[in-house]
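Asker: Next come the chains, spelled out residue by residue.
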Amino acid sequence: MRVPQATGWIVGCSAAFLLAAVLLPWVGPGTITIQRVLARQVPDYPILIELRLSRTLLGLLAGGALSVTGSLFQAMLRESLATPYTLGVSAGAAFGAVLTLALNLDRILGFPASWAGALAGAAAVLAIVAGASFKGGQLSGVRLLLSGVSLNSICSAFILLIYSVVPERRSFSITQWLLGSVDSVSYRALLVFAASVVAASAILILRARDWNLMAVGESWAAARGVDVRRVMSTGYLCGSVLTAGAIALTGPIGFVGLIVPHLVRSRISPDNRILMPCSFLLGGVLLACCDTIGRVVLIPAELPAGAVLAIIGGPYLVWLVRKRF
Amino acid sequence: MTALMEIRDVGFRYASRVILKSVQLAAAPGEFLVLLGLNGAGKSTLLDILAGLRIPGSGSVKLDGRHLSELSARDRSHWISHLPQGVRNELPFTVEQVVLMGRYPHADRWFESDDDRSHADDAMLKMGCLAFKHRLYSSLSGGEKQRVLLAACLAQDPRILLFDEPSTYLDVDQQLQCYSTLATVARDGALCIAVTHDLNLALAHCTRLLVLHDGRIAADVPVEQAGREPAWLEYLSPRLKLARTPEGRPWVLYQ
Chain W
1 MRVPQATGWI
11 VGCSAAFLLA
21 AVLLPWVGPG
31 TITIQRVLAR
41 QVPDYPILIE
51 LRLSRTLLGL
61 LAGGALSVTG
71 SLFQAMLRES
81 LATPYTLGVS
91 AGAAFGAVLT
101 LALNLDRILG
111 FPASWAGALA
121 GAAAVLAIVA
131 GASFKGGQLS
141 GVRLLLSGVS
151 LNSICSAFIL
161 LIYSVVPERR
171 SFSITQWLLG
181 SVDSVSYRAL
191 LVFAASVVAA
201 SAILILRARD
211 WNLMAVGESW
221 AAARGVDVRR
231 VMSTGYLCGS
241 VLTAGAIALT
251 GPIGFVGLIV
261 PHLVRSRISP
271 DNRILMPCSF
281 LLGGVLLACC
291 DTIGRVVLIP
301 AELPAGAVLA
311 IIGGPYLVWL
321 VRKRF
Chain F
326 MTALMEIRDV
336 GFRYASRVIL
346 KSVQLAAAPG
356 EFLVLLGLNG
366 AGKSTLLDIL
376 AGLRIPGSGS
386 VKLDGRHLSE
396 LSARDRSHWI
406 SHLPQGVRNE
416 LPFTVEQVVL
426 MGRYPHADRW
436 FESDDDRSHA
446 DDAMLKMGCL
456 AFKHRLYSSL
466 SGGEKQRVLL
476 AACLAQDPRI
486 LLFDEPSTYL
496 DVDQQLQCYS
506 TLATVARDGA
516 LCIAVTHDLN
526 LALAHCTRLL
536 VLHDGRIAAD
546 VPVEQAGREP
556 AWLEYLSPRL
566 KLARTPEGRP
576 WVLYQ
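Read top to bottom, the protein sequences are chains W and F. FYI, the working numbering numbers position 143 of the first sequence as 143, with every residue one higher than the one before it. FYI, the working numbering numbers position 219 of the second sequence as 544, with every residue one higher than the one before it.
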């Protein structure tokens, strides 16, 4: 793909991302008028700025983080079904976060405890799943998915275990979190999250050519001059940080890392230089839109973004499997 | 003749299994070496060591007097291109995108330059895949895929090319084309080393035969002498016999 064409796609996706950030906060139960917001009148101003805008931004960033991680895992592990969710990395992050919720930890080393827990859980699961799937220097896709499924169930089982032993008050907050909802967060938390997402994604995207070669094979990449060990550890680190951050703030949301990279790969380009940035931007748009849909379909109740995504993503996965095998 | 690649006492083991005991080899630009040997003789392992993908347990590999282990991955890939065996079938890329990967060590920018593209086009032309450069790799036949991978190695523009069974999946005509292309690349001043099991293909194109046996290079025969000294055949099978083509070139018969 020529440079102008690639730039066109990235500009287009960025426009969609910005448009979503500007427009989606206006959608929701109860109408908000621009005049009242500009005049900083209650309740329009706080609803828009404190609730819906922060929530939309969280959706955009978390969706972006999860789908760029999906495209990363698909290149790094050479398995088109590899995502934070199918590999159990999301469940690992969720388990870590739930554990900190149950222990009533608040902060670890200055960071929110649930983030630290999620990061530890994500990194541990990723290491176990990738380690278990190596045989004779080769990663096997089937082993990868099987160990991902196993780790997923193990982590879910531990979450249930924790859930049943903690006092009721705390189990309620765990339930809330486990639904996988994009909720309003403080701008301070959002800022830290945004900084880590932007940094990790930028590191990955700047290595996009390396990921193209890695998607063919490790010795293929090494023989063309890629420093495989360094690139792989960058991938593990950034993938864990992105998944953990997104999961800690939104709960275990699946599928966005599957749908978006696959759509971008088949409709726009399989080249990671375009695939990764476009996945990030469109993944953000998709999750933010799902959150908005969930906010308006069942007024006054709300459907969590994770559920909306699963309703769309589940059938897509079935279709993908049918097409592939 | 100066040695472009010099291998001294190279040994390698997997856990307790000794694969290579002591491999010695010196090769010059313009040579086309064929590496023969039984399954499990360590041909692929040796090729991986020469490509810098595996670290030998003992001994040294030198390029133009410099130790291979001192080069960074990127510097190494300016010298050496390696085609591994069994690249996966379902690459999501187009033919051109795969071939352009060969330009990785040359392009500093995020996108390839026009120079990279013309190198890639030349390589695709040589391997006969320019006509379908915009097709998806996964939609190609086995033979076409192999030609695309070979083109990527040529596009890399290295001084040494290592091929692990480059003619797998190719039909007879394409096998011949593949080997004559490699022979041309070698004549133009590169050093080519290919692993193969096809003895007659090797005899028809290469300049030197190497037989890997019992962790050593048991036979190292210039192709002109291969017909006169048939001892190298004994390492491969007792059921081989050396004959001559009407043009007087050596030819292996199966019995």
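No lab work stands behind these hints: they were computed from the structure. The beta carbon of each residue, even a glycine, is placed where N, CA and C say it ideally should be. Be aware that one or more of the hints could be misleading.
Going by beta-carbon spacing under 7 Å, a handful of chain F positions derived as facing chain W [claimed, not checked]:
hint, residue
1, Ile380
2, Gly382
3, Ser383
4, Pro409
5, Gln410
6, Val412
7, Tyr429
Some chain W residues close to chain F (C-beta under 8 Å, calculated; not the full set) [what the hints assert, rightly or not]:
hint, residue
8, Ala39
9, Pro43
10, Val216
11, Ala223
12, Arg267
Restraint ranges, calculated between C-beta atoms of paired labels, are given here [unchecked claim]:
hint, chain 1, residue 1, chain 2, residue 2, range
13, F, Gly514, W, Ile203, 31 to 41 Å
14, F, Ala340, W, Leu19, 38 to 48 Å
15, F, Ser463, W, Leu18, 32 to 42 Å
16, F, Gly365, W, Ile203, 48 to 58 Å
17, F, Arg512, W, Ala202, 22 to 32 Å
18, F, Ala328, W, Gly8, 49 to 59 Å
19, F, Ser383, W, Arg229, 19 to 29 Å
20, W, Gly8, F, Arg342, 53 to 63 Å
21, W, Val185, F, Leu450, 27 to 37 Å
Asker: Need the list of violated hint numbers for this structure, in ascending order.
Answerer: Hints 1, 2, 3, 5, 8, 9, 12, 14, 16, 17, 21 are the ones this structure does not satisfy, whereas the remaining hints hold.
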